[in-house]
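J.: From first to last, the protein sequence lines are chains A and B.
Mapping the first sequence onto our numbering, position 98 (from 1) lands on 98, and the numbers just tick up by one.
For our numbering, add 1000 to where a residue sits in the second sequence, where the first one is 1.
Since the hints were made in silico from the structure, they are not lab data.
Predicted model only: the values in this text are computed from it and were never measured.
Treat the hints with care, as some may be off.
[Claimed, not checked] Some chain B residues judged to face chain A by a derived CB distance under 8 Å, without partners named:
1. Gly1147
2. Leu1148
3. Ile1152
4. Ala1161
5. Phe1164
6. Leu1165
7. Asn1172
8. Ser1179
[Unchecked claim] Lysine to aspartate or glutamate pairs mimicking EDC-like chemistry, simulated, CA-CA at most 20 Å apart:
9. Lys223/A - Glu1153/B
10. Lys1010/B - Asp1239/B
11. Lys223/A - Asp82/A
12. Lys223/A - Asp1154/B
13. Lys1090/B - Glu1235/B
14. Lys1119/B - Glu1135/B
[Said to hold, decoys possible] Each pair of labels, with its calculated beta carbon distance range:
15. Tyr1016/B - Ala11/A: 49 to 57 Å
16. Val1112/B - Ala11/A: 50 to 58 Å
17. Phe1008/B - Pro93/A: 31 to 39 Å
18. Thr1124/B - Pro93/A: 54 to 62 Å
Ideal Cβ positions, reconstructed from N, Cα and C, are used throughout, including at glycine.
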Amino acid sequence: MKPGTTSAACAALLRRDLALIWRRRGDALNPLLFAVIVVALFPFALGPEAQVLERIAAGTIFVAVLLASLLSLDNLFRSDLDDGSLEQLVLSPHPLSLLLACKIAVHWLTTALPLIAIAPLLSVFLHLPDTVLPVLLGTLALATPLLSLIGAICVALTAGMRRSGMLLTLIVLPLIVPVLIFGAGACNAAQAGLPYGAPLLWLGAWLTLALVLAPLATAAALKISLT
Amino acid sequence: MNPLVLWFHKLGSPPYFYRLAGRFQPWLYALALITGAVGLYGGLFIAPADYQQGDSFRMIYVHVPCAWMSLFVYVFMAANAFVALVWRIKLSETLAMASAPIGAAFTFITLVTGSLWGKPMWGTWWTWDARLTSELVLLFLYLGVIGLYHAIEDTRQAARAAAFLALIGVVNLPIVHYSVVWWNTLHQAQTVSLMGQSKISSSMLWPLLTMAFATHVYFFASLLARSRAALLALESGKDWVREIALRESAQEARAHG
Chain A
1 MKPGTTSAAC AALLRRDLAL IWRRRGDALN PLLFAVIVVA LFPFALGPEA QVLERIAAGT
61 IFVAVLLASL LSLDNLFRSD LDDGSLEQLV LSPHPLSLLL ACKIAVHWLT TALPLIAIAP
121 LLSVFLHLPD TVLPVLLGTL ALATPLLSLI GAICVALTAG MRRSGMLLTL IVLPLIVPVL
181 IFGAGACNAA QAGLPYGAPL LWLGAWLTLA LVLAPLATAA ALKISLT
Chain B
1001 MNPLVLWFHK LGSPPYFYRL AGRFQPWLYA LALITGAVGL YGGLFIAPAD YQQGDSFRMI
1061 YVHVPCAWMS LFVYVFMAAN AFVALVWRIK LSETLAMASA PIGAAFTFIT LVTGSLWGKP
1121 MWGTWWTWDA RLTSELVLLF LYLGVIGLYH AIEDTRQAAR AAAFLALIGV VNLPIVHYSV
1181 VWWNTLHQAQ TVSLMGQSKI SSSMLWPLLT MAFATHVYFF ASLLARSRAA LLALESGKDW
1241 VREIALRESA QEARAHG
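Please take these sequences and the hints and turn them into a complete structure.
T.: Written out as structure tokens, the structure reads:
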């Protein structure tokens, strides 16, 4: 039997993953609910004064989105590993890094994109000024793919383990400190009326680097943990 | 074969490395102990007190060598991790994984002594200064590597996965460092540079360099001890380990009469 073209394989993988998530669409809502609840906890802890909340709004939303997508990362390879289809991916004649890039793209589309979509709601909760909202959405659009890409490498390293939740957090969080610094930094600069172009450009540069290298690294890491 | 290359190939073999490391280990420990004692005595008693900080500047003799070591050990670990992943040398895996806890310990000591030093000098235990923050991130990176290594059951697979993580950390560490510097300078104009441009006098410098030498030697001594133990566990099914075990138990039996 002749193997199909690589683009056909990628398209099939994308269709399959999207269909799988669509059939369990209730689960896909969990990261959203998690982010909403985390953000709603802050006013309870800090008091309802608008000035205080306004001051911490961008950073809080950023951390909540980050934790929510971290929570969903654990499922990136879990079901595929359980039913053996991940091994089929590794054995397939197509470049593993491309196939994994498709999986990462699906993860971003189904968890990060909804999170970006509810960011305006979260910013209303915390009285984020309207002028900062476009900057927040822009930084989230650059930062969440970075989280998915860097997170995927770490998930691939922990793929063979039974319970990897806490360890995954320990591994991923130090690596994404710069994402948080630049992302929240851009929002805070915009809020203070300062220029915010530089951190956005940094995020863009880093995203470009990660788009090229992270799928390769994920493939290498997956091969290590599946041997 | 070139004798140097031959020696290098022999060094990669666990029994040869085990014997060689066993011969070096006590000497390295002794050297570390002596130079450490000399350096500490020189730093704590001979060196003059600082005109601004008084005696509390003497913390430098523990803090700064440990801070240098925390970076040096990471680079050493990453270099071994690279060798382990590219050439699949078993000894490099062992060395990389044996250096991780030592590096984490040095990083921890750096943070604790820095905090103890910061209290009398800056009036606070902790400040989100760029260097402190990147040192903290470095500690988390070490802990991640150690955690991953211990979470996977198969030792060699665990070592390869943790080595890969260490390499990702190397790519990431400069980005973390510069982003933290950038973040800090954006928010706080005040920078904490204790040493700054001030030239350190030679009476203060030599104990510092002696301590730096002692910590390096201690690292290698501790590394040899740890990797010897790790090699015994890794190769526990092999003949050379059985010979060592038999010899040790025979000696023990003789000692107990």
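J.: Work down the list of hints and note, for each, if the structure agrees.
T.: Going down the list of hints, with the structure as the test:
With a cut of 8 Å, the hint placing glycine 1147/B at the interface with chain A holds, because the nearest CB-to-CB distance is about 5 Å. Interface hint at leucine 1148/B: satisfied, since its Cβ lies 6 Å from the closest Cβ of chain A, which is below the 8 Å cut-off. For isoleucine 1152/B, the shortest C-beta to C-beta distance to chain A is roughly 7 Å, which falls under 8 Å, so the interface hint holds. For alanine 1161/B, the suggested interface contact is upheld, since its CB lies about 5 Å from the closest CB of chain A, less than 8 Å.
A cut of 8 Å between beta carbons decides the hint on phenylalanine 1164/B: the least distance to chain A is about 6 Å, and the hint holds. With 8 Å as the threshold, the beta carbon of leucine 1165/B comes within range of chain A, its nearest partner Cβ sitting at about 6 Å, so the hint holds. Taking 8 Å as the C-beta cut-off, the interface hint given for asparagine 1172/B holds, the closest approach to chain A being about 5 Å. Interface hint at serine 1179/B: satisfied, since its Cβ lies 4 Å from the closest Cβ of chain A, which is below the 8 Å cut-off.
Distance check on the hinted pair: lysine 223/A and glutamate 1153/B sit about 16 Å apart at the alpha-carbon level, within 20 Å; holds. Only pairs whose Cα atoms come within 20 Å are accepted, and lysine 1010/B paired with aspartate 1239/B is accepted, the gap being roughly 17 Å. For the hint linking lysine 223/A to aspartate 82/A, the alpha-carbon distance of about 16 Å falls within 20 Å, and the restraint holds. Only pairs whose Cα atoms come within 20 Å are accepted, and lysine 223/A paired with aspartate 1154/B is accepted, the gap being roughly 15 Å.
Between lysine 1090/B and glutamate 1235/B the CA atoms are separated by roughly 10 Å; this keeps the pair inside 20 Å, and the hint holds. Among the hinted pairs, lysine 1119/B with glutamate 1135/B is consistent with the structure: their alpha-carbon atoms are about 18 Å apart, no more than 20 Å. Range check, tyrosine 1016/B to alanine 11/A: Cβ separation about 54 Å, and the 49 to 57 Å hint holds. At about 55 Å, the CB distance of valine 1112/B to alanine 11/A agrees with the hint of 50 to 58 Å.
Range check, phenylalanine 1008/B to proline 93/A: Cβ separation about 38 Å, and the 31 to 39 Å hint holds. As the Cβ distance of threonine 1124/B to proline 93/A is approximately 60 Å, the hint placing it in 54 to 62 Å holds.
Hint compliance for this structure: every hint is met.
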